[in-house]
Each structure stands twice: as C-alpha cells, then as structure tokens.
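Participant: Sequence:
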Amino acid sequence: MELKEKQKKILDVAVELFKEKGYMGSSVRDLATKLNIKAASLYAHIRSKEEILEWICFGIAQEFFDELQEVKNTDIAPREKLNLFLDKHLSVVLKNRDVTHIYSIEWRHLEEKLPEFIELRKNYQQEVETLISEIYQAENWELKSPSFTTRFILHTLNNSYFWFKRNSDSKDDITEEIRDKILFGLLGTQN
Numbered sequence: 014m015e016l017k018e019k020q021k022k023i024l025d026v027a028v029e030l031f032k033e034k035g036y037m038g039s040s041v042r043d044l045a046t047k048l049n050i051k052a053a054s055l056y057a058h059i060r061s062k063e064e065i066l067e068w069i070c071f072g073i074a075q076e077f078f079d080e081l082q083e084v085k086n087t088d089i090a091p092r093e094k095l096n097l098f099l100d101k102h103l104s105v106v107l108k109n110r111d112v113t114h115i116y117s118i119e120w121r122h123l124e125e126k127l128p129e130f131i132e133l134r135k136n137y138q139q140e141v142e143t144l145i146s147e148i149y150q151a152e153n154w155e156l157k158s159p160s161f162t163t164r165f166i167l168h169t170l171n172n173s174y175f176w177f178k179r180n181s182d183s184k185d186d187i188t189e190e191i192r193d194k195i196l197f198g199l200l201g202t203q204n
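If you count the sequence shown from 1, you need to add 13 to reach the working numbering.
These aren't lab readings, by the way, just hints derived from the structure by calculation. The structure displayed is predicted, hence computed values, not measured ones. In this text, a Cβ means the ideal position worked out from N, Cα and C, and glycines have one as well. Do not rely on the hints blindly, as some may be mistaken.
Dumping the calculated BS3-like pairs for lysine-lysine here, alpha-carbon to alpha-carbon at most 30 angstroms [said to hold, decoys possible]:
(1) K85 / K47
(2) K51 / K94
(3) K126 / K157
(4) K34 / K157
(5) K94 / K108
(6) K62 / K21
Restraint ranges, calculated between C-beta atoms of paired labels, are given here [to be verified]:
(7) K157 / E33: 17 to 23 angstroms
(8) L16 / F78: 14 to 20 angstroms
(9) K34 / R164: 25 to 31 angstroms
(10) E93 / I118: 28 to 34 angstroms
(11) A90 / L16: 26 to 32 angstroms
Hey, can you work out the whole structure from these sequences and the hints?
Facilitator: Here it is as structure tokens:
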C-alpha cells in the first residue's frame, strides 16, 4: 500500500484524531477541520473514514509480518530467535505507539475489510505459534498450550505501549525488560 504525500498527511492527522477521540467519536468533518480544509475536499484523497482505518490496520499488520519473516529467515539458535522475534515485534509497537493503540482497539470497526483483516490476524498468530512451537521443541522446553502462549506473548507485546511514558524510557530498556519478563514467565529458572 503506497500512499501519496497528501494521503500520508491525512493518515498522520487521522491517527492523532482517532487516538484522541476514538474511531467512532471522530468524523470526516473533524479530520477536515484539523487539516484546515473542507470536508468535501477530503474525499478527493480518501474514499471514506473507514479507508483510513484500513490504512492503519493493514499497514502495521504488514510491518509485523515483515519483521516476522526476517526472524523466520534468520539462522540462529532457537532461544536467540525467540529474543529476536520479541525485539522486532516490540520495536514495531514502540515505533508506532499511537498506530498500535488504534490497531489494537479500533480494528473491530472495519466493515468492508473486516473478514480479510480477521483472517490476516489469524494467519499472523498461526505463524507466530508455529515459530514458538519450533523454538520450544528445539530447546526441549515444555509447551502445554502453544495457542495460549502465543496469545499471551502477542497481547503483552501489543499492549506494552500503555506501560511506558513516551519520552522517559528508552526503547532498548523497555525491550530488554519486557523480553526478560516474558522469557522468565515462560521458562522460569531455565532463563
């Protein structure tokens, strides 16, 4: 999905607006006002408010898939592969805090593309579950529920932006702390 320059500006302002008012609490008129243009002029660049939500949800989902593919293509020890996955997924989350917030909460408001997006999320979760299962098997770690473990990890990573102040914590410190907590929680004393 390649956005034109004006669409990128609309997207940036929409992210601020959706974060502030929520997707349902925001209108095209609100967006046009923030952009200092008439609402009718906005439709020269977008089909609908939902299209912007599609850009947000599918855009960050693609980033997650791209990073996951890099991890899968890396030939390193299983534990390091798990660390790399945690680092890369968390990096996308922390680089895109507001977008992640919208992605995590507002995706349910997709209408036309909702089935496609649900399938995309399921595919991502399945690919992560396969990766985690392979890592656990290679390390001879006990994995009682691959599905639960995967959902737990993804939920923790996707919601980590809530826990840290925007300017006071470094991404490296945040990533290291979350990685350590997840690994300790999953592996106990094996860490």
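Participant: Look at each hint and say if it fits the structure.
Facilitator: Results for each hint:
1. K85 / K47: Violated - the C-alpha atoms of K47 and K85 are around 41 angstroms apart, more than 30 angstroms.
2. K51 / K94: violated, 50 angstroms
3. K126 / K157: violated, 34 angstroms
4. K34 / K157: violated, 41 angstroms
5. K94 / K108: holds, 21 angstroms
6. K62 / K21: Within the cut-off at roughly 14 angstroms; holds.
7. K157 / E33: 17 to 23 angstroms: Cβ of K157 to Cβ of E33: about 41 angstroms, so the range 17 to 23 angstroms is violated.
8. L16 / F78: 14 to 20 angstroms: Holds: the Cβ-Cβ distance is about 18 angstroms, inside 14 to 20 angstroms.
9. K34 / R164: 25 to 31 angstroms: holds, 29 angstroms
10. E93 / I118: 28 to 34 angstroms: Since the Cβ atoms of E93 and I118 sit about 32 angstroms apart, the hinted range of 28 to 34 angstroms holds.
11. A90 / L16: 26 to 32 angstroms: violated, 39 angstroms
Hints 1, 2, 3, 4, 7, 11 from the list above are not met by this structure, while the remaining hints are.
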